[in-house]
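Asks: The chain contents come next:
There are 2 protein chains.
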Amino acid sequence: MHPQLRAYFRQHLAAFTDTQLAALQLPLTTRKLQRHEVLQQQGEPAHYGAFVAHGCLRSYVTDDKGKEHVLQFAPENWWISDQQGLVYHRPAMLSIDAIEEAEVVLFDANFYQQMRQQSPEFQQLFYLLLQNSMAAMQRRLISVLSATAEQRYHDFLQLYPMLAQRLPQYQIAAYLGITPESLSRIRREL
Amino acid sequence: MHPQLRAYFRQHLAAFTDTQLAALQLPLTTRKLQRHEVLQQQGEPAHYGAFVAHGCLRSYVTDDKGKEHVLQFAPENWWISDQQGLVYHRPAMLSIDAIEEAEVVLFDANFYQQMRQQSPEFQQLFYLLLQNSMAAMQRRLISVLSATAEQRYHDFLQLYPMLAQRLPQYQIAAYLGITPESLSRIRREL
DNA sequence: CGTGGAGTTGAATACGATCAACACCGGTGG
DNA sequence: CCACCGGTGTTGATCGTATTCAACTCCACG
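Chains as they are written, first to last, in my numbering: chain Y, 1 to 190; chain H, 191 to 380.
Treat the hints with care, as some may be off.
[To be verified] Pulled a few chain Y residues facing chain H out of the computed Cβ check, cut under 10 Å:
| hint | residue |
| --- | --- |
| 1 | M1 |
| 2 | L5 |
| 3 | A7 |
| 4 | V61 |
| 5 | Q138 |
| 6 | R140 |
| 7 | L141 |
Quick caveat, the hints were computed from the structure, so don't treat them as lab data.
From the three backbone atoms N, C-alpha and C, an ideal C-beta is built for every residue, glycine too.
Could you build the full structure based on these sequences and the hints that come with them?
Replies: What follows is the structure, encoded as structure tokens:
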């Protein structure tokens, strides 16, 4: 198992030692990604989800007008996948690619089941993760529905100051749901 | 247990008979709600989530300008709650009230734990439900980010034709993130 | 060098919000 | 039975925020 992932599990699963974790039989493969390399294409079968060991990925959709909308940024120690596509073996609704050169640990559709078999603690962990993503997405939906572009940008700066540094502006714009031009104008007022 | 809830579990949990379900010790209480009766106030401690036996509830937030934004409609056989508030014993981010006169089955913060103890099938069921809500919320976020008000309204009609009949227009507008006036104008073009 | 991606700026445009007035309808009480 | 009322929905005029399209700068990288 990738050391970064082992460390992650150690931190989130009290009941395991490094040795126990190393002994786990999980269907995981490590892979390096170039900048802009695509892990998954919207519309194609979803083969893998990923744990990001380092670098940064994003999930996004491309609408009919060709505009990209970012759903999630995934820097180190985040998980990213098209859950629905993986679980139900349906075409992915999301594309996933690397914003920076990255190293990821890939898992497939059986991963969740196999983890459950090895320990119910994993299931608990993944339930919590899902719950947190859900809460985050809820907050985001509310903010898109109720706040102006400027407020949303400031919220983003508050919430992810590191990402705001790291990411190109047009990616942030695609996350906030505004054009790069609008974001540029917002930033001018500072 | 409320017969509507028992029927629901029977449908979603293959392994249980009615007798077994009736024997389960779950902390559930049934309650009737008047139209507009508030089950939970944004900012106050989250005591209960609800399974809707009949009628229709909604969860929503009120922003600083006093505008309401609907997160979810919950007609018969839907679950509705402020997950985060319940689980982490934090103030609720959402308000929940009854759009129509309703009958609900309330559950508290321990519900999930107690269900797990009685059978892992419950955990599985709730994981799936959570996954589905997540997917729905994702689709909605994408549609708010990428589609016009008109497109979103048509999507809503497609997805929830029944609800569109049942609900007052201004509730639908609050769900779509537009004003009642705008929705009225959109409907004129038909 | 020079080429292309990222960011900025300006002018015109579009979409939805706001504000105000009014129509419609169901219920309540005189 | 009718008058009144509040809640819901409609319509019009105006306004504001963000988009679009185009041009231009800057800079990293070949």
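Asks: Would you check whether M1/Y satisfies its interface hint, that is, whether its CB is within less than 10 Å of any CB in chain H?
Replies: At 24 Å from the nearest chain H Cβ, M1/Y fails the 10 Å test, so the hint is violated.
Asks: Does the closest beta carbon of chain H sit nearer than 10 Å to the beta carbon of R140/Y?
Replies: holds, 6 Å
Asks: Answer holds if the nearest beta-carbon of chain H is closer than 10 Å to that of V61/Y; otherwise answer violated.
Replies: holds, 5 Å
Asks: Min Cβ distance, L141/Y to chain H: is it shorter than 10 Å?
Replies: Holds - the Cβ of L141/Y comes within 10 Å of chain H, reaching about 5 Å at its closest.
Asks: Would you settle whether the hint for Q138/Y is holds or violated, based on the nearest Cβ-Cβ distance to chain H being less than 10 Å?
Replies: holds, 6 Å
Asks: Against chain H, with CB atoms and a cut of 10 Å, does the hint on L5/Y hold up?
Replies: violated, 22 Å
Asks: Does the interface hint hold: is A7/Y within less than 10 Å of chain H, judged Cβ to Cβ?
Replies: This hint is violated: A7/Y lies away from chain H, its Cβ roughly 25 Å from the closest one there, beyond 10 Å.
When held up to the earlier numbered hints, the structure conflicts with 1, 2, 3 and fits the remainder.
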